[in-house]
Each structure stands twice: as structure tokens, then as C-alpha cells.
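Student: Take a look at the letters that make up each chain.
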Amino acid sequence: MTEQNQQSPEQLLTQILLPGESLTAFKVEMDEQAKASLEENRKKQMEALKRKDVDENLLRLVVKF
Amino acid sequence: VEILPFTGDNFAQVLANDFTDAKEIKTKNHFNYLMLYLGAGGLNAVSMVVEKEYISKDFLHDYAAYYALCFKRYDKFCKRVHFFRTSLTREQFEQSLLGRLDKAVDIWPHYLGFIVVKPIPSTVIGYTVLRNYNYVDDQPHRQFWGLRRYKVHIFGHEEEFESLAFQEQDHVLAACATTAIWSMLNKAAADYHTVLKSPNEITKDAGRMAWDGSRMFPNKGLIINQVCQAIVHSGLETEVKKPDGIPEDQKENVESNQFVSNTYTKKILHAYAGIGIPIILIIQVPNGDEVGMHAIAVSGHSMKPIAAEVHQHETRWLSANTEKFYAHDDQFGPFVRINFEKSFDLKTPWSEQHDKKLPTRVKAIIVSLYPKVRISYEDVEAIVIGLDYVLSRFFDGKFAHDLVWDVRLQLSENFKKEIAESTLHDQGKLQLLDECMPKYLWTASCYVGEIRILTFTFDATDVINGMIGRNVINFLPDHVKTTLGEFLELNKTTLGKDAFVNDSPTGYYAFLLKKLKE
Chain A
1 MTEQNQQSPE
11 QLLTQILLPG
21 ESLTAFKVEM
31 DEQAKASLEE
41 NRKKQMEALK
51 RKDVDENLLR
61 LVVKF
Chain B
66 VEILPFTGDN
76 FAQVLANDFT
86 DAKEIKTKNH
96 FNYLMLYLGA
106 GGLNAVSMVV
116 EKEYISKDFL
126 HDYAAYYALC
136 FKRYDKFCKR
146 VHFFRTSLTR
156 EQFEQSLLGR
166 LDKAVDIWPH
176 YLGFIVVKPI
186 PSTVIGYTVL
196 RNYNYVDDQP
206 HRQFWGLRRY
216 KVHIFGHEEE
226 FESLAFQEQD
236 HVLAACATTA
246 IWSMLNKAAA
256 DYHTVLKSPN
266 EITKDAGRMA
276 WDGSRMFPNK
286 GLIINQVCQA
296 IVHSGLETEV
306 KKPDGIPEDQ
316 KENVESNQFV
326 SNTYTKKILH
336 AYAGIGIPII
346 LIIQVPNGDE
356 VGMHAIAVSG
366 HSMKPIAAEV
376 HQHETRWLSA
386 NTEKFYAHDD
396 QFGPFVRINF
406 EKSFDLKTPW
416 SEQHDKKLPT
426 RVKAIIVSLY
436 PKVRISYEDV
446 EAIVIGLDYV
456 LSRFFDGKFA
466 HDLVWDVRLQ
476 LSENFKKEIA
486 ESTLHDQGKL
496 QLLDECMPKY
506 LWTASCYVGE
516 IRILTFTFDA
526 TDVINGMIGR
536 NVINFLPDHV
546 KTTLGEFLEL
556 NKTTLGKDAF
566 VNDSPTGYYA
576 FLLKKLKE
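Quick mapping for you: the protein sequence lines, in order, are chains A and B.
For what it's worth, the numbering used here labels the leading residue of the first sequence as 1, then goes sequentially.
For what it's worth, the numbering used here labels the leading residue of the second sequence as 66, then goes sequentially.
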């Protein structure tokens, strides 16, 4: 992909940040909602990995048309 | 040599042979497709030059293996038909061959490629090399990545252009899967020192007998396992991508109703396009009262450009911008346009010409790879979902648009070219260009709108049990990298433990921390 934007990194950051916002380090509060979201994310990763397990029957499908 | 205007009647006549007349040719899907592809709405062919006796090496192999041993007399000489996007007289053509035409009226910039016509019944379309749509109308969003350069020699003149060879399925020596493998190998053999074989040799490589225990020739089709075997015999490795869902119109969750979703197909086409080996799709197509499995070789796709996206709960993938793809379908022709519809349907010529317009669906995807590529897309996707989770927490509510991920397998030499042209500062570029890298890399770039903010690289040749991360490249100011590092340090005990599920879960968090501190 060819980059179209030839601006400085500071200009790029200003373009994508919402007005008045800045990036800071903070501790994520691990409440019930955050724990559930973390768990859901883990499930999605496992689903992606599970797609690698190909069923034997699929390999026996006849391709003939 | 015969020079003719490109018309339906003339085209049918040149495709005809002793066994199949022009009338029968006109009923073939290939004739109708090629008339559209080469016609006014496609490559806009105006003239044809017919070489009446042509030795096709590809047909010769099949001839020696089968047709020469038949009692009936089959010819070994083919015809070859060349197409030009300009009107042509015999004098013009002859003057051109003698090198006496001025550049302004030269015919070769109008050369569109050729079709070899085989001297056998019905399945007459042999080795075919034609230009693609970008030659007539170059569109940057339309990328043909599965092409190679072909040198064509015509009466002493040499013409070179990019394409991917096509031929019609020979129902005796090859099934559709064989022909799709043959097209794929045409590219792989040029780039990867893979062995290019004739359809007959490919079918032999698939196994010693057919799936039903009968003889391999005449061929009745191959099972997916045999398709993979034939590819492996040519020096590549295969990855089979399986169905991941059930279309809405299928109620029962049984194997026969499961298909590969369009989302997954788009991800795979986008991810492996960078390597340039055509990807084989096993599709379920409607044909009269039945449906059956068919194989096509994908060599290009077109995408909407990257744009600002609203925030969504799910991870966003750039591959979702894929609108259509281009495939060699041996029952129709080269570079067939195929559109995605709904969540599982494809708009193919099979569906369009079917009475009830039943959909075409993807049953499996066969990705052929150089053996050194050992890490699959799915392995990298899982890591990227983890990265998206961590970054989304850090950027939460700060950015106007959602994060979009561009995940691709590529040669490190191409990755370096991309870095050299990127917005990265000079020192960062030089550091990466100077770095010794594995031949194949998985790269995951994170965008906000059109702006690339971060790129992660992974060693595609490593083992998945380990930690395969290599680089974290920051396109934003250095202080963002420092702050992100501090954020990860602060949340090490929570996110660090559970953000990644891979075999090396804590390894990825540690990798991020280490790279952000560098």
C-alpha cells in the first residue's frame, strides 16, 4: 500500500486524536465488565486458532464439475 | 497465416476442428465468455491472426500420454489464434514482421495474447495467454497478483507481457481441479523453482487410482486430499481452509450446509495475495437440478480504498473492503469476475446462468505455499485480536475513528520496499532496511482512517510454539511509543496475563514491552 500522507508524525497524531484529547498511561480498572470483555477476546482468539483443525470429511469431498 | 476480423462467426470458425463444428462451438460456455472478454466491453479485440500449424508443448505431453495411444487418429498439431486491438491487413502484418512499420502504426502495442486450439473433440481451448482488464483500463484498486511474465514468439517476433495461463478442462486427462492446479503452477513455477507439469502429469501426481477405486483416466474428478497431494508433488505445501459458518437459508447445522463465509474468504485472499501464488477455491456450484464441487484459481482482487470507519465492538479488518475477485474458471475462461453477495454467496457465471439463480458458495480454500512458510493466517489473526484488544484499551475514546487491521504475508524484500516509501522517519527506515530478516514475514498494520499508526512484523518461517514477533514500528511521534510502553507496564499483571491465548501468551506482552522501550 503506497502511503499518500507525507505529514510529520505530530501532524498525523493531531489528525486522528479527538479535539482536546491526549494519550496517557493509566491503569485499566478490571471490573466485571472489563473481565468479561477480556474473556470474550480470548474466546475470539481461540475461535481463530480452531479454524486450523480441518475435518477429515472435507478432505474427501469430490471436486468433479 | 490467416488474418480475420474478430466477429462471432469468425471466432467460432477458428475454434472449430474436425470433431467439433462452429455451430457446436457457439453453444459452449467458453465461446460465450470469451466473446464478452475479448469483445467491445472487455479487451476490445478487432482482428485475429491464425497460425494453422502450431506445436503446443503442453498438449504434446497429453498427446503422448493418451491420444497417441488411441486407435482413432488424432492430430498432434494445434492451431494458435492471436488477437489484436486494431484492424489488420495482411500487408500490415507482413511489414511488421519484417520490421518495416513506423512506431506510430506499430501493431504490437495492440497485441492481446493468444489461444491454442486443440485437435480433439469438444474441449478445444488449449494453452491460452491473454492480457487482463488492467491493460485496457488500468485501475489501482484492481490488483492482479497471481500473474507472471510470458514471452510469446510469433513468426520471429517476441512479445512479452504479464498474464496467467488458462486452458479448458480436458475431461479425459484432467478434472477442473487439475486445471486449477495447472494455472496455479504456471505462476509458482516462475517464482519458486516449482515443477510445472502438464494436466496429465498433475492428475497422475494426485494418486494411482480414482477416489471410487476405478482407473484415474478418464478422470472423474479429484477429492480435496488428492488436490493437495498433486500440489505437494510439485514442490509446494498446502493449507486447507475449512467452512466457518452456515448460510441463513440452511436451517440444519450439518456438514453439508457449512460453508466458508465471505468474510473469511476475503481475509484469506487479502492475506496471501502478497506471495503471488494463485489461490484455489473449492466452490459449490448449481448445475441444472444438482449442485457439485468445482475448483477455480484466483489471481486477483479489487478493493475499496481504506477509509475512516466508525467504532465497532468487533476487530475491523481491511480485507472487508474486498469487493470482487478474478479467477480462472476452466468451464468459462480466464479472469472471470466474481462478486461477493450477502454473507456466503458468490455471483458467478454458474449462478447467473442457472434457471433459479441458485448461489455459488465456497466450500474450502486451498492455499499453496513455499515450504518455508510455516505460520498460518489463523495463528497471526489470533495474535492480532490480542493486539487490537490491548491497543483499544489504550486508545479508548481518544481517536475519532476505529482501528483497522491490514494483515498480510509478504516477502521481506517487498516489505522493505514498502517501508522505504512509507511516512516513517529516515532513521527508522534505515534501521529496518539494514536489518537481516527472514524471507517471509507476516505483517499486521494498524490504521486509523487513512493513517497507519503501527506495524507489527512476525517471522513466517518460525515455529508457532514460540514467540514469532519481530518488530513494532511506530509511525506516530516517539512519545506515543513511550506512553504506550508505560501503559503496558502499569497493566502487566492484568492484561499481560490474559490478553493473548497463544502457546506463548506472556511472550507477546513481553515482546511489546521490550520493543516499545527500544
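Calculated from the structure, these hints are not laboratory results.
Careful: at least some of the hints might be erroneous.
FRET-style restraints, in silico, Cβ to Cβ [what the hints assert, rightly or not]:
#1 B:E379 <-> A:T24: 48 to 58 angstroms
#2 B:H298 <-> A:S22: 19 to 29 angstroms
#3 B:K437 <-> A:A36: 39 to 49 angstroms
#4 B:Q294 <-> A:E10: 48 to 58 angstroms
#5 A:E10 <-> B:R214: 36 to 46 angstroms
#6 A:A34 <-> B:T571: 34 to 44 angstroms
#7 A:A36 <-> B:E313: 24 to 34 angstroms
#8 B:E417 <-> A:T24: 17 to 27 angstroms
#9 B:Q78 <-> A:Q6: 53 to 63 angstroms
#10 B:P436 <-> A:E10: 36 to 46 angstroms
In this text the structure is predicted, and so the values were computed from the model without any measurement.
Even for Gly, the Cβ is constructed at its ideal location relative to N, Cα and C.
Student: Measuring from beta carbon to beta carbon, are E10 of chain A and R214 of chain B in 36 to 46 angstroms?
Tutor: holds, 44 angstroms
Student: For K437 of chain B and A36 of chain A, compare the CB-CB distance with the range 39 to 49 angstroms and indicate the outcome.
Tutor: holds, 40 angstroms
Student: Note whether the CB distance of P436 of chain B and E10 of chain A lies within 36 to 46 angstroms or breaks it.
Tutor: Roughly 45 angstroms apart at Cβ, these two residues keep to the hinted range, so it holds.
Student: Are Q294 of chain B and E10 of chain A spaced within 48 to 58 angstroms by their CB atoms?
Tutor: holds, 56 angstroms
Student: Taking the beta carbons of E417 of chain B and T24 of chain A, is their distance inside 17 to 27 angstroms?
Tutor: Distance hint for E417 of chain B, T24 of chain A is violated at roughly 55 angstroms.
Student: That 34 to 44 angstroms hint for A34 of chain A and T571 of chain B (C-beta), does it hold up?
Tutor: The hinted range 34 to 44 angstroms is violated for A34 of chain A and T571 of chain B, with Cβ atoms some 19 angstroms apart.
Student: Taking the CB of A36 of chain A and the CB of E313 of chain B, does the distance hold inside 24 to 34 angstroms?
Tutor: holds, 28 angstroms
Student: With 48 to 58 angstroms as the target window, see if E379 of chain B and T24 of chain A comply at their CB atoms.
Tutor: 26 angstroms Cβ-Cβ, so the 48 to 58 angstroms window is violated.
Student: Between H298 of chain B and S22 of chain A, is the Cβ distance one that fits in 19 to 29 angstroms?
Tutor: violated, 59 angstroms
Student: Tell me if the beta carbons of Q78 of chain B and Q6 of chain A are separated by a distance inside 53 to 63 angstroms.
Tutor: holds, 56 angstroms
Comparing the model with each earlier hint shows violations of hints 1, 2, 6, 8; every other hint is respected.
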